[in-house]
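S.K.: Can you make the complete structure from the sequences, with help from the hints?
Protein sequences appear in the order of chains A and B.
Okay, so the first sequence: first residue is 1 according to our numbering, each after it adds one.
Okay, so the second sequence: first residue is 398 according to our numbering, each after it adds one.
Read the hints as simulated data drawn from the structure, not as lab findings.
Being a predicted model, the structure only gives us computed values, none of them experimental.
Among these hints, one or two may not hold up.
[Claimed, not checked] Estimated spans, in silico, between C-beta atoms of each pair:
hint : chain 1 : residue 1 : chain 2 : residue 2 : range
1    : A       : A23       : B       : S442      : 45 to 51 Å
2    : A       : R12       : B       : D485      : 25 to 31 Å
3    : B       : R543      : A       : G266      : 56 to 62 Å
4    : A       : D271      : B       : L474      : 53 to 59 Å
5    : A       : R386      : B       : P628      : 39 to 45 Å
6    : A       : F353      : B       : D476      : 55 to 61 Å
7    : A       : Q299      : B       : S413      : 29 to 35 Å
8    : B       : G443      : A       : Q299      : 25 to 31 Å
9    : B       : E472      : A       : R386      : 18 to 24 Å
10   : B       : E472      : A       : R12       : 38 to 44 Å
11   : A       : M276      : B       : R522      : 51 to 57 Å
12   : A       : Q17       : B       : D476      : 26 to 32 Å
[As the list claims (entries may be wrong)] Examples of chain B residues lying across from chain A (beta carbon under 10 Å, computed):
hint : residue
13   : L450
14   : L508
15   : A512
16   : D569
Just so it is clear, CB atoms sit at the ideal spot from N, CA and C, and this is done for glycine as well.
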Amino acid sequence: MLALQLAWRFLREGRTQSLLILAGVTIGIAAFVFVSAIIEGLQVNLLEQTLGSQAHITVAPEEAPPRALMRAPGVAFARRIAPSEPRRRPFDQWQRAVRRVEATDGVVAVCPKVSGSALAYRGAAEEAVKVVGADAARLRRIVDIPANLVEGQYRLGGDEVVVGTSLADKLGARVGDPIRVRSGDRESVLRIVGIFDIGNEMVNGRWMVTSLRNAQTLLGRVGDITEIDARVADVYEAERIAREVEARTGVPTESWMERNRDLLTGLRSQDASTTMIRVFVLLAVAMGIASVLSVSVVQRRGQIGILRAVGTSRQMVLGVFLWQGVLFGLVGAVLGALVGALAGELIEASALFDITVTPRLLFTALGVSVATGVFAAYLPARRAARLDPAAAIRGDE
Amino acid sequence: MTVTPPLLELEGVRKSYGDGVTTEVLHGIDLSVRQGDLVALIGPSGSGKSTLLNLIGLLDRPTRGRIAIEGQAAEHLDDRALTALRGDKLGFIFQAHHLLPGLTVLENVMLPSAASRGGFHASMRAPAEALLSAMGLRDWVDAWPRQLSGGMQQRVAVARALMNEPALVLADEPTGNLDTATSNQVVDLLRERNAESATAFLIVTHDPALARRCDRVVELVDGVVVYDGAPSGMKSWD
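M.R.: What follows is the structure, encoded as structure tokens:
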């Protein structure tokens with residue numbers, strides 16, 4: 001450990017120089033931690049907002065082609081081509097498909113669902129809604145409605161329905177009020193038991209969540225479902241898993257990444273710019289360390305010569321300077337992480353999202369900082385190790 | 398009967414500097430030093446004394462010729478082996494003290510031992526303190542070099558050179574930067590040590606007074622040994 005002991009003494013001896021470069025490393029690592037924490041917080045927030053109300057993966061049969069209004073052999077009179085409510089094919093053997101989705105690696109929750117458009121009436125109010133029917137326990141693992149309830153309870157038994165805040169407001173309804181819902185020529189009266197605010201206006205303003213059976217009856221799909229929703233452990237693996245699910249079930253499968261290409265492009269661009277910022281910060285840190293150690297090698301030529309004269313090997317001299325890089329990186333990482341985390345805490349109060357400095361980020365900063373220190377110290381260290389001891393001693397005189 | 402090889406043996410050692418057009422500084426030096434010798438290496442500036450000392454100290458390699466320490470030829474050893482041999486057999490005293498300012502006086506003395514054992518250990522403290530006591534520096538063990546006078550620093554350098562109990566101590570103008578009184582003090586120390594142990598000393602000096610106090614004088618002029626014998630045999634000290 002002589003190399004480490006000498007490295008520490010060298011740094012202590014030139015303490016002004018050491019403190020200045022340590023301040024530089026600290027600022028660099030603080031910027032690294034702070035920028036990473038902000039971007040990570042922002043991305044987590046964006047993803048939560050986007051994926052909080054939608055499945056990571058949706059398995060659904062293709063829509064049926066437009067129906068001919070009149071049929072005559074060999075003659076097409078007209079086709080109904082204006083988009084209207086999607087006409088889904090029946091989901092054949094959906095129970096088996098559910099089991100296959102559940103058995104796919106990376107899938108953590110699966111929910112068979114039936115959904116479709118309907119009209120909701122209360123008094124004079126009339127609203128277009130989306131009826132969503134599912135098993136309550138399964139659905140909450142895809143869209144966490146219970147965590148976002150603002151009133152009432154999350155229950156989907158009998159005639160119970162849970163609606164979003166905006167829809168409740170538009171219908172002038174509160175918990176306990178009955179709502180008449182009509183789809184085609186089918187009609188049901190459902191009773192509101194809970195009101196939620198999921199942070200997505202499309203959901204808050206349209207969704208009426210009820211039991212699978214209620215929705216099947218109301219939408220005319222008894223015994224059938226329209227889609228299987230799934231949640232995966234790693235959201236960025238969703239596309240790969242979706243392809244696997246599609247291969248296993250033979251049913252068209254779409255991931256959130258396909259549905260939100262613009263968001264994904266934005267996130268990736270953000271990642272790229274963050275990486276560039278990190279690289280430039282680390283380069284600045286590396287150059288700071290390298291320049292200080294290069295000057296140190298020149299200043300200590302005589303001392304290096306003496307070390308070699310008293311029996312210190314080239315490897316040991318190399319180690320003395322590499323350890324200095326490690327110490328700069330290590331101490332700078334600890335201080336920088338503290339400063340970065342503190343800056344994150346300070347700005348979090350005014351930010352609209354959480355800025356969390358995770359242990360993973362801290363360990364990354366530590367590893368990157370030490371690696372940068374070693375990388376930066378290598379050339380000066382090699383130069384020191386290669387010094388001709390006789391010339392080094394002469395040069396110092 | 399086994400013949401003990403000389404402690405240091407040089408045969409036809411030559412040293413040139415420069416690429417392309419080279420300048421030969423040493424022109425075939427033959428020299429041997431035995432255990433316990435106290436040798437002064439004298440000569441005018443530019444005669445090649447320091448170059449020769451660096452070659453003997455294994456800090457530099459000869460262009461031609463053979464250098465052996467305790468019979469072990471050094472010219473074919475790699476850097477690692479040379480470093481080990483240097484740390485084990487040789488001690489150095491330089492004109493400019495060359496103490497490491499970031500180490501305490503005691504740590505400076507322990508440095509050769511730390512270099513060979515890979516770090517400072519508590520067991521090195523007692524012999525280092527004993528050496529510093531012998532140099533009259535017992536009260537300065539925890540001081541920093543900058544707190545010491547030039548003479549005191551040179552005595553620390555002497556203690557450091559002796560730490561690994563080397564067979565041969567190479568001293569380059571050890572009194573060059575010292576006043577007469579301090580210079581005498583340092584020479585007394587070297588002579589005492591030489592008398593007490595089998596340690597040989599090879600001292601490069603310009604100082605005739607110091608050279609006269611050695612047992613043997615080697616005079617180098619223009620890279621050639623022109624005299625090798627007792628100080629009393631020197632015709633001129635100019």
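S.K.: What are the numbers of the hints the structure violates, in ascending order?
M.R.: The structure breaks none of the hints.
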